[in-house]
Amino acid sequence: MQAVDERVVQTPRLGDPIRVRRRRPNRMPLLLTMPALVLLAGLLAYPLARMLVLSFQDMQLRNLFAGTSPPWVGFENYKEILTDGVFWSVVRRTAIFTVVSVAISVVLGMAVALLMRRVSKPVRLAMMVAMMFVWAIPQLVSAQIFKWMVDADFGVVNYMIDQIPGVDFANHSWFADPIQGWAVITTLVVWAGIPFLAITLNAGLTQVPRELTEAATVDGAGPWQTLRHITLPILRPLIIIVTTLSVIWNFGLFTQVWVVRDSKPEQEYQTLATYAFTQAFGRNEYSLGSAISVITVLLMLGVMAFYVRQMFMIGDVD
Amino acid sequence: MSATSHRSRAGTILANTVGVVFVVLMAFPVYWVLNTAFKPASEVLSFTPSFLPEHPTLDNFRSAIKAPYFLVDLRNGMIVTAFAVAGALVVGFLAALAIARFRFYGRRAFIMVILGVQLVPLLALLIPLYLMLNRVDLTNSLIGVSITYLVLILPYTVWTLRGFIAAVPRELDEAALVDGCSRWQTFYRIILPLTGPGLVATSIYGFIQAWNEFIIINTLNNPEKQNLMAWLLQNQTNRGTAWGPLMAGAIITALPVVAFFLMIQRHIAVGLTAGAVKG
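As they're listed, the protein sequences go chains A and B. Residue numbers for the first sequence, in the UniProt record's numbering: 1 to 318. Residue numbers for the second sequence, in the UniProt record's numbering: 1 to 279.
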């Protein structure tokens with residue numbers, strides 16, 4: 001944008017008077033952005049600040065009903081959370097889930113994207129259609145579909161595994177063992193996440209110049225070497241973006257756990273998001289919930305550093 | 001000499017086989033929800049699941065529609081979504097016009113804010129939002145949720161519309177201005193018609209976001225003031241699980257999104273990669 005401004009000043013051409021006139025202080029942009037700014041300030045900035053304040057107070061149900069301001073407690077909430085073993089196990093679980101699910105999703109997404117370049121046209125079309133449907137299904141609905149499929153008594157998954165000779169899976173409860181339960185949740189998240197990853201990466205692959213891969217082939221590179229040394233480096237920015245987005249989404253996992261565990265996840269199924277929600281709205285510990293949210297946002301910021309950088313670059317381009 | 005020359009026939013067959021397996025695995029849950037929704041209750045609760053309904057029926061859809069609050073929550077969802085999308089389009093278009101067509105002090109900061117707020121996890125803001133709306137008596141109202149959704153989809157709306165407006169050649173507005181059009185005329189004769197498709201695409205995305213949301217509305221409002229998503233959630237928890245009607249309800253809830261999604265699917269990949277690979 002710097003460049004544009006300079007051009008306007010330095011090389012006034014015929015037909016440019018409008019641009020020059022625009023350099024006069026103009027109230028129009030302010031007028032245009034005002035409604036958006038007011039809404040963002042009112043419903044994002046203010047609550048964000050309020051959340052921070054709340055985390056240093058002790059908001060109780062009676063404050064809510066009486067409308068009285070809650071007492072200040074300093075770092076009490078943070079002390080309570082950070083010294084609580086349960087909280088740390090929630091953090092660890094959320095982190096492990098994020099790493100595992102994102103790794104599986106991105107690798108599978110890339111594999112599917114590459115596969116789409118290799119299959120015949122009708123198969124590619126079928127893959128596209130199947131993924132579009134999966135992508136379009138709301139998270140809440142897909143979580144309920146999975147819950148139904150792994151139902152202990154009537155679930156089709158138990159039935160099909162039971163068909164394997166020598167395996168007894170009738171009435172098997174998938175959520176009794178948290179490892180199995182998390183395997184189900186991870187499958188659900190990966191299944192629902194692959195369309196975005198595969199379709200985006202495939203769109204990226206179509207933009208890799210064919211001359212480059214052909215040249216590599218002529219020079220005797222195998223498909224694996226071409227992938228490693230040509231395709232992946234070119235796709236790097238895109239891979240970083242989709243990976244970071246997946247991290248953000250999976251780190252904030254809420255819906256799938258919430259639905260699959262009947263809106264009351266047991267301790268082994270809590271993530272940071274469900275934990276903050278349960279503390280705030282289940283136990284009316286709004287301040288504790290706020291403090292957990294603050295810590296979550298801080299952790300997120302660390303995770304998002306990459307994405308934020310990429311965004312700033314986009315912002316700079318304009 | 002092409003890259004395909006060393007690709008063997010056997011390799012293609014293998015790839016196609018893997019592709020077909022992938023399609024089956026991806027589509028199975030979708031098929032299973034359809035299969036369940038059209039079965040009568042006796043077939044749904046069978047220990048040996050059948051892979052096609054033996055006696056296909058629409059009973060599940062009927063009982064879902066007749067269930068308490070279904071129609072109310074359907075209407076609520078439509079009102080809230082329509083308000084949020086329309087509001088975000090108007091407010092967002094103005095802001096997008098500003099950053100696409102004007103160079104002004106604070107423009108870059110505004111862009112950063114628009115991009116940055118998309119990273120704020122809305123769930124984290126739920127507590128202060130609840131307290132705030134509760135204070136001004138906007139919990140358990142459609143207005144409070146509508147405004148919240150409007151803000152939820154606003155950043156995306158601004159950023160996408162900016163792209164569409166920027167794609168309209170500036171020379172066109174300038175020519176119109178030179179020819180004696182006022183700024184307002186330039187806007188509604190040149191920019192607005194040319195960004196029409198962009199407005200449609202953007203509103204569909206906003207529609208999907210607002211339609212799919214349920215945590216905010218479920219937390220802020222009582223059953224009679226919710227949308228279908230929240231209805232699905234409560235339906236499952238409160239009265240045991242009637243899987244047939246639930247799956248039918250899930251289909252009804254997902255249908256608009258699937259329909260819209262298929263409408264815009266051509267633009268999805270393009271939008272996703274624009275600027276990411278080339279930029």
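FYI, nobody ran anything at the bench for these hints, they're computed from the structure. Treat the hints loosely; a few may be bogus.
Said to hold, decoys possible - Chain A side only, calculated, beta carbon under 8 Å to chain B, not exhaustive:
{"#": "1", "residue": "Leu39"}
{"#": "2", "residue": "Leu54"}
{"#": "3", "residue": "Val86"}
{"#": "4", "residue": "Phe87"}
{"#": "5", "residue": "Phe97"}
{"#": "6", "residue": "Val99"}
{"#": "7", "residue": "Ala126"}
{"#": "8", "residue": "Met131"}
{"#": "9", "residue": "Val134"}
{"#": "10", "residue": "Gln144"}
{"#": "11", "residue": "Ala152"}
{"#": "12", "residue": "Gly252"}
As the list claims (entries may be wrong) - Covered by chain A, per the in silico footprint, the following chain B stretches (three or more residues, Cβ under 8 Å):
{"#": "13", "stretch": "29-35"}
{"#": "14", "stretch": "38-44"}
{"#": "15", "stretch": "67-73"}
{"#": "16", "stretch": "93-100"}
{"#": "17", "stretch": "189-200"}
{"#": "18", "stretch": "212-224"}
{"#": "19", "stretch": "245-251"}
As the list claims (entries may be wrong) - So these bits of chain B aren't anywhere near chain A, every CB distance computed over 10 Å:
{"#": "20", "residue": "Asp59"}
{"#": "21", "residue": "Ile79"}
{"#": "22", "residue": "Ala82"}
{"#": "23", "residue": "Phe104"}
{"#": "24", "residue": "Leu123"}
{"#": "25", "residue": "Thr148"}
{"#": "26", "residue": "Ala167"}
{"#": "27", "residue": "Val168"}
{"#": "28", "residue": "Pro169"}
{"#": "29", "residue": "Gly180"}
{"#": "30", "residue": "Gln265"}
Only a predicted model underlies this, so the values are computations on that prediction, with no experimental measurement involved. All C-beta atoms, glycine included, are put in the ideal place defined by N, C-alpha and C.
For the stretch 38-44 of chain B, count the residues whose Cβ lies under 8 Å from any Cβ of chain A; is that count three or more? violated (count 1)
Confirm or reject the statement that valine 168(B) sits farther than 10 Å, beta carbon to beta carbon, from all of chain A. holds (15 Å)
Quick one: see if chain A covers the stretch 93-100 of chain B, three-plus residues with Cβ-Cβ under 8 Å. holds (count 5)
Restraint satisfaction for phenylalanine 97(A) [CB to CB of chain B, less than 8 Å]: Nearest chain B Cβ about 16 Å off; hint violated.
When the least beta-carbon distance from valine 99(A) to chain B is tested against 8 Å, hint result: Valine 99(A) check fails; min Cβ-Cβ to chain B is 18 Å, beyond 8 Å.
Does alanine 126(A) pass the interface hint, meaning its C-beta sits closer than 8 Å to a C-beta of chain B? At 5 Å from the nearest chain B Cβ, alanine 126(A) passes the 8 Å test, so the hint holds.
Going by Cβ atoms only, is valine 134(A) closer than 8 Å to chain B? At about 5 Å, which falls below the 8 Å cut-off, the nearest Cβ of chain B leaves the hint on valine 134(A) intact, so it holds.
Cβ separation check - aspartate 59(B) to all of chain A, threshold 10 Å: holds (17 Å)
So, as I understand it, the hint says alanine 152(A) touches chain B; can you test that by seeing if any CB pair is closer than 8 Å? violated (11 Å)
Given hint glutamine 144(A) near chain B, where the shortest CB pair must fall under 8 Å: It holds, given that the least Cβ distance between glutamine 144(A) and chain B is near 6 Å, below 8 Å.
For glycine 180(B), is the shortest CB-to-CB distance to chain A above 10 Å, so the non-interface label stands? holds (13 Å)
Outcome, coverage of the stretch 29-35 of chain B by chain A - at least 3 residues whose beta-carbon is closer than 8 Å to one in that chain: holds (count 4)
Comparing the model with each earlier hint shows violations of hints 3, 4, 5, 6, 11, 14, 15, 17, 23, 24, 25, 30; every other hint is respected.
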